[in-house]
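Residues per chain are reported as follows:
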Amino acid sequence: LKREIKKIISAVWVGIICLVFSSRLSTMKAASICPNDQTGCHLLPLANLFDRVIQHSARMHGISDDLHSEFELYFLPSKNQIGRVSRNCHTSTILTPNGKENAQRIAREELAEIILKLLVAWRDPLWHFHQSMSQHDEFTNFSSNKSLEMSDMVHELRKGVLKVVEKMQMLGIISNSVGDTGSPEALLTSDSAEWRFMKDYDLLYCFRRDSNKIQNYLKILKCRIVPKHGC
Amino acid sequence: MIGLLCCASLLFLLTSLFIGCFKLLILAPVEPHFTECMSRDLETFRCWWSPGTFHNLSSPEELRVFYLKRNSPSSEWKECPEYSHLNRECFFDANHTSIWIPYCLQLRGQNNITYFNEDDCFSVENIVRPDPPVSLNWTLLIVSPSGLSYDVMVSWEPPPSADVSTGWMRIEYEIQYRERNATTWEALETQPHTQQTIYGLQAGTEYEVHIRTKMKGFPKFGDFSDSIFVKVTEIPLRESAVLLTLVLTFGVAGILILIMLIVVSHQQRLMMILLPPVPAPKIKGIDSELLKKGKLEELDFILNGGGLGGLPTYISDYYQDEPWVEFIEVDEEDADCGEKEDQKSSDTQRLLGLPQRSVGCFSADSHPDDDSGRASCYDTDLSEQDTHLLAASLLPGQPEDEEAFLHPDEKAPASETNKSPLIQTESEGKPTWINTDLYAQVSNVMPSGGVVLSPGQQLRIQENTEKESQKKGTLGEDTSKLNKPQFQLLVVDPDGSGYTSEITARQISTPPSSLVPGEGYQTIYPQPMETKPAAPSEPNQSPYILPDSPQTRLFAPVADYTVVQELDTHQSLLLNLPTQQPPPPCLPQHPLKAPVAIGYVTPDLLGNLSS
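Sequence order for the protein chains is A and B.
Under UniProt numbering, the letters of the first sequence match residues 1 to 231, in that order.
Under UniProt numbering, the letters of the second sequence match residues 1 to 611, in that order.
No lab work stands behind these hints: they were computed from the structure.
Be careful, since some hints might not be right.
To be verified - Some chain B residues near chain A, calculated using beta-carbon distances under 8 Å:
id	residue
1	E43
2	A94
3	T97
4	S165
5	T166
6	G167
7	G217
8	L275
A virtual CB, placed ideally from N, CA and C, is assigned to each residue, including glycine.
Isolated chain B (complex conformation) (with noise of 0.2 Å):
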């Protein structure tokens, strides 16, 4: 029972208690606050309040409105300068307001009970809500082509309560417009000006435009404008019109069309018109004379390496690195053996026939492994260092008839005039000499490191053979074939079992008449190997070989290659041509100094020359 009797009063309590609550919350009565306090010019502002549900209020007039302005430390509550008690509605003028500084409001009651919210403070420059803008009118701008769309100006005056021409606001619009049964508005970005262009409205529908303002750096917008009503009708184009553009804009776009296609068509045409070429540099060593004679196969040789501006440096410089890369050199004798033949005059041959030549046509390399053909005669101390030279080595892919190359003094001239080069059989495993021009394309590099040749300009030898056997014994006495560069095949076996042998450069003695100082290239003339002893003297012309060809010929069996001679005093590579000199039999060699590479000279071999 006594329990029974609690719990019923405790949970009387909890209900009471809850209930209580639920009043105190739900339906406490709201006391009288302000609602809303706002400034439109920064000069005044004014401030609405509400009662409240209190209902001891009898009449309005008992809430009375009192500020406070936080300038100083000493002040003090104060009451409100202007009623409005219609719209409960306090209102302070210019006077009575001071920017940038906090105001408090309160409300009081009778019986002095306040009603003060810490909220209710601001500054006066944070409640500004400018009005709207006025005389608002729009003008068409442009209407597009189709008539379908339209830009529209909208312009209007600031609001004449915001003291702008002061300065003393700075105001920002921002318009919105919406179609006339539309709901949601579209609103375009802020901006201060008084105009505003909006873009893209469709003819014939009925637009409203209304403008809002706010004070710049403050978030609070004034209230909206009137609106007012934007309409363009539709303006039917002629359809003539239309199509006379259309018809305009395709035949300009198609002969645009056109005119590019011819531009690209005849780009090579135009560009020359326009940019004519510019002529090409003269190639150093290379005489203008020369050209207008036709001697293009001294140009050849010129090109492929006869005087400095040629191609070797670079070839040297690539083949640097490759020891397999060996210059073929081809020995005097080679082209003395040559001069009597067809073949041997030519390079190639020489360069094939290095190897297997036979004592007075080539000089042995130092490979020992060549010693096939080798005459006793031949020294063999050359040091292998000095004859391996690094360049592409021009190496003949068809083997030579031995037996020519090895018995060059037994045949005669005469039959050595193949026509067609001889190919040895590689049974020795050695690369044999064809009966090729001195010089021939390298029609395939093999890994080993050897070149394949293919068979040159045989039919210029061929022509020359006969002169050359001719003039053969005149090449000292006449002086005015030195302007013809003279050269000698250098073929350089890679690695000894490739496919040319190394021919050592001889040593020719030039004749101080075959050098001329005054071309780019000189020539050297070929002689008999009993000067030879002479010719180490000349420090520029020891390791060479001289062809004694005459001047006349000494292109004719030159091809596509030339052969670095010698480098003569001026630093021009001299360039011999095969000679069609007997091969002097068992003539001392010279110790070969740096024998020089087809038309490249190394660096190292530059400085072994020039030494």
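For reference, chain A alone in the conformation it holds in the complex (with noise of 0.2 Å):
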């Protein structure tokens, strides 16, 4: 009898926490959104979602990274990681601002439109690259983990881009002529066969270089558009 009772006790706290949770939780969720500034309470969300995407694109280049150092030690370590001058990436073929300049000046449309496009190239180039490492023996359980979660970064990032802009077109900041470019049959037909040639080492050192290059895309995208939300 005293252990049903004690049992019934518990059960009434568990119950009480849960509800004081929720509650603090529920409230929570209605302070959040949308405080006293009420014209640009649109671009809130907006800004929260990009924050989201390049934290995500922060993380998918931290993990090139380190997969391209652990390749490093079965070549000569180059002095300014660059090892050979022959390398030409696949990808060599999307034109990209070089600098901040023109990253600054090109449309915000285009920008977008070349981050997508990036992404979209390195779908293919990086499943068939966690493929191939899964096969050797060398490398450890954790370079090949991290090649899958590379490959699926790519996929779930461009999702991600793509909910940005059309959250972006949404509200009327872009043009809707950024489609979902990413049939990768186009971009395919052309270099369908280039980055099979090309080795994993070299294939990392792009992908870091393209990593990099979307990060940086992204954060300026973010700050042309929404500058307020912590630029």
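Build the complex: two chains, separate frames, hints provided.
What follows is the structure in structure tokens.
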């Protein structure tokens, strides 16, 4: 009998605590969106979206950096992290702004499109890279997991950027010309064979560079569109 | 001679080779090369070179820097856009800087001698070393109560050269601090915010703090910033304050401990107050009226298996697989026998005396071994299987007075009023019944399966014997006494050689009036054996002996245990009191269908009963 009573009391406590927390959470939710500033209120979710996407791209770049360093162990480490000059990435065909001014000068739609193009271009090569990595025994599970994570992140990031673009189009910030350029067939027809010939190390080097590009472009885009929210 | 010459020449050659190699390796002049290329803001960069140890270079201007941007296959070498010959530096401004594109640099001297190294190729984002932060200052966060240590918040501004506001560069900061006279620096974790707390600095010691930056995701750190000095003088606390805090803390702790002790010691009371006990459930079959009247014996009877909600079920399950456990059945005639005497009116008596009983008192069980004491009148055609019931058999530990059981009829009731149980020697090797109550407490279980009973409530039986004898003849007529359950003790001999002999349940004809459907249990009035033939017609009454005891005396002989007499139509167990009827002589035995165990009904028995 005592045990039953104790069970009941503990259940009641748990219920009370849950209620308290849920009420807290709900109040927090209610209070977070759109504080006093009403004019810029509709931009807040967009800024949040941007932040999330930028964080995502930063993490992607971090992983690519780690993998690249690991690969360098198999090769002679170069002084400035360039071992060969003959490297040519398959994304070289995509015209990207090479400096801050250039990135700030081009149209926002173009910048968004470039980002999407880059993300699309890397989807298949990273997947194949992961496949080839998992087959080689000399790579640790750690590296294999990272390559898979990288491949997934490209996927997720592309979806995230598409959402941001959608939101921007909805808010009327950019025109509707930015479509889903993610039809990979269109891109890959031109250089479908190129990335297959790239060696793993070169591929990692290229992706590291491109992930940094994506990161920078996203940040610049955010600070151009929603400059007040943490730039 | 020639050999010597040859050897000498060989030696000379070798030494010259060695010297030449040595010179080449060690003393070879270093060609002009680049020492470092660095960018501060990811928009411009500069490279420094050194002329090496070539002597034929007269002036620094002779070396020229050429670079190549590998962004197209048709790129060509271009000269450095901005020289600073004083520093031997080549500066690339924003117009000439492209990020994410490999640059290669080479030095060219006179006569177009080029000194080019593959390692001098890079991308600008990989050579970024941001400037250190500016405007460092610190504020005191908090001092520990003892005044010995304190925490400090250091804040700063990002380097002006790094374009953090547009997000072009994402910078992380690393703080390092050390004591004034220490040699090693303590480094905190790199983080992107422009302020950080340093914990645990000692008062009275001066600390030196500096910060450096790096790009997020890239490994190269910039230079350290200028150091700032942090110092907090010791504040001697008033001793009284310290004492007061100590006293307060200890006092509070002591009070808490006291409260805990009180709570723990009076746990029960507190539990009662906070969580009052839930009233116990009503036991099925027990009439609360009985409780009020104080019929404790009846309660005992019920609780021990009189009603269906009693204990018996589990015991029957428990003993289901134990072949040695048998139910002892008390015959109706046994009750009759017991009616005369106090002892015999008790169930334990019957229990004990079953194998020893004379003709009139007990029905012999199926064991042929237990023939002693069995009269010829008793049927021996009772199947053993029917009579063997699985239950905890109550084995009397004390032998009974054999004579008393053997000749119950002959003895006058008064003579049987033994106040104490007669213990019979177990010379026969048979379990004997002591003149104890019908229900006795099991004091021990023998390995062979018998049960040792302890003397029961003999006194109660003594009291009631007189009354029982008086009301002998009134049982059948008194319907009001149907309320009280009557029961008989059924003792089962586990294996025939045990302590108790099996007593086949006597068929007892219960008068229809004795059945009270409204009760949870029914009382079966003991009746003379003459009416037995009529009894079998009623299926639920056939195998049982109905003790003929007055209603008031129903519970008298029952001390702690009750016997399930039979099942009635309502599937309730009928408990019979030991009857005080005189055992009818040579009554025809009704074939026992299913003897009922003491207080327990096994499933198979149940089936037999109900069938």
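These are the hints, each one checked on the structure:
Annotation: B/E43 was flagged as interfacial toward chain A, and the flag holds, the nearest CB pair being 6 Å apart, inside 8 Å. Against a cut-off of 8 Å between C-beta atoms, the interface hint on B/A94 holds, since the closest Cβ of chain A lies about 7 Å away. Nearest Cβ of chain A to the Cβ of B/T97: about 6 Å, under the 8 Å cut. The hint holds. For the restraint placing B/S165 at the interface with chain A, the shortest Cβ-Cβ distance is roughly 6 Å, inside the 8 Å limit, so the hint holds.
Because the closest C-beta pair between B/T166 and chain A is about 5 Å apart, less than 8 Å, the hint holds. At its closest, the beta carbon of B/G167 sits 3 Å from a beta carbon of chain A; the interface hint therefore holds under the 8 Å criterion. Checking B/G217 against chain A by beta carbon gives a least distance of about 5 Å; that is within 8 Å, so the hint holds. With 8 Å as the threshold, the beta carbon of B/L275 comes within range of chain A, its nearest partner Cβ sitting at about 5 Å, so the hint holds.
Going through the hint list in order, the structure satisfies each hint without exception.
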